[in-house]
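Enquirer: First residue of the sequence shown? That's 522 in the working numbering, and the numbers climb one at a time after it.
Derived from the structure by calculation, the hints contain no laboratory data. It is possible that some hints are incorrect.
EDC-like, lysine to aspartate or glutamate: derived pairs with alpha carbons at most 16 Å apart [to be verified]: (1) K835 x D810; (2) K760 x E778; (3) K685 x E547.
Everything numeric in this text was worked out from a predicted model, so none of it was measured.
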Amino acid sequence: MSTESININDVLIDDSRFALRDFLFESVSKPSCHINTFCTLGILYPIIVAKDSKGLIHLVDGRKRAEYAKQSRDRMIRAMVLPEMTPVSDIVSLIYCNKRNEVESSVLNKVQFLCFAISMNVPESWILQVLCGALEFKPHSEFLRECERIFNLPRQLRQFCHEKKFSLKQLLNLSYYSTEIMNQLIEWKSTLQLTASTLEEIASHLRDYLRATGTNIKNFLAEPDVEEIFESSLSQRDKTEKLRQLLYLRRFPTLSEVNADIRHIIKQLHLPKEIKITWDSTLENKNVDVTVNINDPQKWQLVLDTLSSPGVKKAVQSILDEL
Numbered sequence: 522m523s524t525e526s527i528n529i530n531d532v533l534i535d536d537s538r539f540a541l542r543d544f545l546f547e548s549v550s551k552p553s554c555h556i557n558t559f560c561t562l563g564i565l566y567p568i569i570v571a572k573d574s575k576g577l578i579h580l581v582d583g584r585k586r587a588e589y590a591k592q593s594r595d596r597m598i599r600a601m602v603l604p605e606m607t608p609v610s611d612i613v614s615l616i617y618c619n620k621r622n623e624v625e626s627s628v629l630n631k632v633q634f635l636c637f638a639i640s641m642n643v644p645e646s647w648i649l650q651v652l653c654g655a656l657e658f659k660p661h662s663e664f665l666r667e668c669e670r671i672f673n674l675p676r677q678l679r680q681f682c683h684e685k686k687f688s689l690k691q692l693l694n695l696s697y698y699s700t701e702i703m704n705q706l707i708e709w710k711s712t713l714q715l716t717a718s719t720l721e722e723i724a725s726h727l728r729d730y731l732r733a734t735g736t737n738i739k740n741f742l743a744e745p746d747v748e749e750i751f752e753s754s755l756s757q758r759d760k761t762e763k764l765r766q767l768l769y770l771r772r773f774p775t776l777s778e779v780n781a782d783i784r785h786i787i788k789q790l791h792l793p794k795e796i797k798i799t800w801d802s803t804l805e806n807k808n809v810d811v812t813v814n815i816n817d818p819q820k821w822q823l824v825l826d827t828l829s830s831p832g833v834k835k836a837v838q839s840i841l842d843e844l
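Let's have the full structure, built from the sequences with the hints guiding it.
Expert: Following this line, the structure appears as structure tokens:
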């Protein structure tokens, strides 16, 4: 395809209908690198643009080249102008090829690029048959709706998910939480030490607690125990751990009480370090595991005497009764 010179001021850059700024979190590169290259060698490759039915010129590829031309106050720039009748799927495919590394840098970016294609009114059949395959997604219409749910998450939260490399399953789980909870998680981002797993855990426990009590985020934050955590001078890590523990206790009050009782029973035994008593803290399995770990044969008799003592027998029975 031949190139032609066009007025750079006629090119829509930020307002181009093909701009990816809302659909892609790009890596931060030093602008000086491109500027030095342009200053030394000039703009070697033409930008790619597309004209719409109103005659407006939309940038498709070459953002940095176009911005440099404007900053340099160049009036004209070489451009490859796509015909007005170019299928939008071809344009999306071209953009994908040029931005492939960034699109595939995270699952979140891949989901957002699918949503970009949807927003361009690309035929769904092409998205399913071509783009889903290229992005290694299952080609189902229902999946596209799930992608749109993920894209509706707050932008700051999506950026966090991109940076933390959330999996598709984690993204889908987040998309089903209320906006109230999502916005609160964003506010906590600078206060807590959030990873993909801790964010999902806190969101899940908070949602279930609010449902069970019929309260809201505002009332939860006003609770003395919660205020104490966030007003303390604890590190981000310790605040996160305190909040996790508090939410766990609020979500599973009976479970927490039973586990506390069992820990108290075991503590009262004053067992030697060679003997460990463990149990399923979820209380799903009614089993008590008693393990022995010795490296001195002379301690064997002490261990046997302890295990056969009335106190240990009674404690094990009490634990089983709790379970």
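Enquirer: Are the hints correct? Go through all of them and say.
Expert: Verification of the supplied hints:
1. K835 x D810: holds (15 Å)
2. K760 x E778: Not satisfied, since the Cα-Cα distance of roughly 22 Å exceeds 16 Å.
3. K685 x E547: holds (14 Å)
When the structure is compared with the earlier hints, a violation turns up for hint 2 alone.
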